[in-house]
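Undergrad: Here's the letter readout for the chains.
There are 2 protein chains.
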Amino acid sequence: MKYGIVIFPEKKVQDFVNSYRKRYDPHYALIPPHITLKEAFELEDSQLPHAIEDLDQVSREASPFDINLTKVSTFYPTNHVIYVAVEESEHVYTLHEKINSGMLHHESGYKFIPHITIGQKMFEDELHDVYGSLRMNRFDLQTRVDRFHLLYQLENGSWTIYQTFLLRGN
Amino acid sequence: MKYGIVIFPEKKVQDFVNSYRKRYDPHYALIPPHITLKEAFELEDSQLPHAIEDLDQVSREASPFDINLTKVSTFYPTNHVIYVAVEESEHVYTLHEKINSGMLHHESGYKFIPHITIGQKMFEDELHDVYGSLRMNRFDLQTRVDRFHLLYQLENGSWTIYQTFLLRGN
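Listed in order, the protein sequences are those of chains D and E.
Okay, so the first sequence: first residue is 4 according to the working numbering, each after it adds one.
Okay, so the second sequence: first residue is 4 according to the working numbering, each after it adds one.
To be clear, the hints were calculated from the coordinates, so they are not data collected in a lab.
Do not take every clue at face value.
Which copy? The list can't say, so a pair holds if one copy fits it or any two copies do.
Straight-line distance between alpha carbons at most 25 Å, and here's what the computed DSS-like set of lysine-lysine pairs gives [claimed, not checked]: (1) Lys5 x Lys15; (2) Lys25 x Lys101; (3) Lys74 x Lys5; (4) Lys101 x Lys15; (5) Lys114 x Lys14; (6) Lys114 x Lys5; (7) Lys124 x Lys74; (8) Lys15 x Lys114; (9) Lys41 x Lys5; (10) Lys15 x Lys41.
Note that the coordinates shown come from a computational prediction; the quantities given were computed from them, not determined experimentally.
Looking at chain D on its own, in the form it has when it is part of the complex:
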């Protein structure tokens, strides 16, 4: 089965991001706005208990933290993605690294950059237009991160929650 690990920012941030995703993100209906901690990966049923144990360990050692969201950026030309950048993101990096060690380690060709996608799979012209109009915008959103979630993907491409992990370190 295909799993993924994400942070959902607070509702106000999700609503803000959805106002753009509705137009620019074909995954709009498949999953709420999120920060990916670990991209989709395959896991056998028999491996699940061990994975849960590892994630629980990570969540036991990590403390809740705040992140700020103030501007839009893009992965162009690598990927035709526009996103809300995550500032003060060291804690997100650390979570990503801890989750991606042990049995859930996978090599990735990309550097991990914490972000919330606004638009993806965009035509080059559209991406330039949209990014051009959004790149000078400044906003001032903050969200508390005190949990992450393990999700799994259904046949239609949408994601269902499997389990929440509360950050409960000191």
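Got chain D sorted already, so can you dock chain E onto it with the hints?
TA: Chain E only, in chain D's frame:
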């Protein structure tokens, strides 16, 4: 904020139900297939910790169980809903009752009937057609219930996970 409490059946059941929901359920893209334990309700931020405590208590005392799904039924004429019926549903009733006591108590005009919606808000003719063709079908699906989830609703009507509660009674 608007919250709801659900059970997500195993992936095979969700995929089966989605094959119908795609055509007959306008909420298809808003939430994965689910058994509602508690309909949408309002909760102030200040009430959330107490609610979480109550739900945690319920989940500590409840044991995992299995449910069988073998046929389709309808709430017509009360509601234009077609659903997969939940058999051996006493455990689901008990969960519903425990969750709906204490601070999360709300009166409801409807009797609680555990179900997984396949279609809703259907025109009467369509409902009769679809139900007529599905009512004689028998299938043999089983799903383990070892957790429930607290969700909240975004402005666009879709639902995001807040927290998982693992059933960990003996």
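Undergrad: Hints first: check each against the structure and report whether it holds.
TA: Hint check results:
1. For a Cα distance limit of 25 Å, the shortest separation of Lys5 from Lys15 across copies, 13 Å, qualifies, whereas the shortest one inside one copy, 29 Å, does not.
2. In this homomeric assembly, Lys25 and Lys101 never come within 25 Å of each other (Cα to Cα): the closest approach is 32 Å inside a single copy and 38 Å across copies.
3. In the homo-oligomer, the alpha carbons of Lys74 and Lys5 never lie at most 25 Å apart, since the shortest distance is 31 Å inside one protomer and 28 Å across protomers.
4. Taking the shortest Cα distances, Lys101 and Lys15 never come within 25 Å of each other, neither inside one copy (28 Å) nor across copies (31 Å).
5. Taking identical chains as interchangeable, the C-alpha atoms of Lys114 and Lys14 are never at most 25 Å apart, the minima being 28 Å within one chain and 31 Å between chains.
6. Taking the closest pair of Cα atoms, Lys114 and Lys5 come within 25 Å of each other only inside a single copy of the chain (22 Å); across copies the shortest separation is 37 Å, beyond that limit.
7. Taking the shortest Cα distances, Lys124 and Lys74 sit within 25 Å of each other inside one copy (20 Å), while across copies they are farther apart (40 Å).
8. When the C-alpha separation of Lys15 and Lys114 is checked against a cutoff of 25 Å, the pair qualifies neither within a copy, at 28 Å, nor between copies, at 34 Å.
9. Proximity of Lys41 to Lys5 under the C-alpha cut-off of 25 Å is restricted to the intra-copy arrangement: shortest distance 12 Å within a copy versus 28 Å between copies.
10. Proximity of Lys15 and Lys41 under a CA criterion of 25 Å is satisfied in both settings, with 23 Å inside one chain copy and 24 Å between copies.
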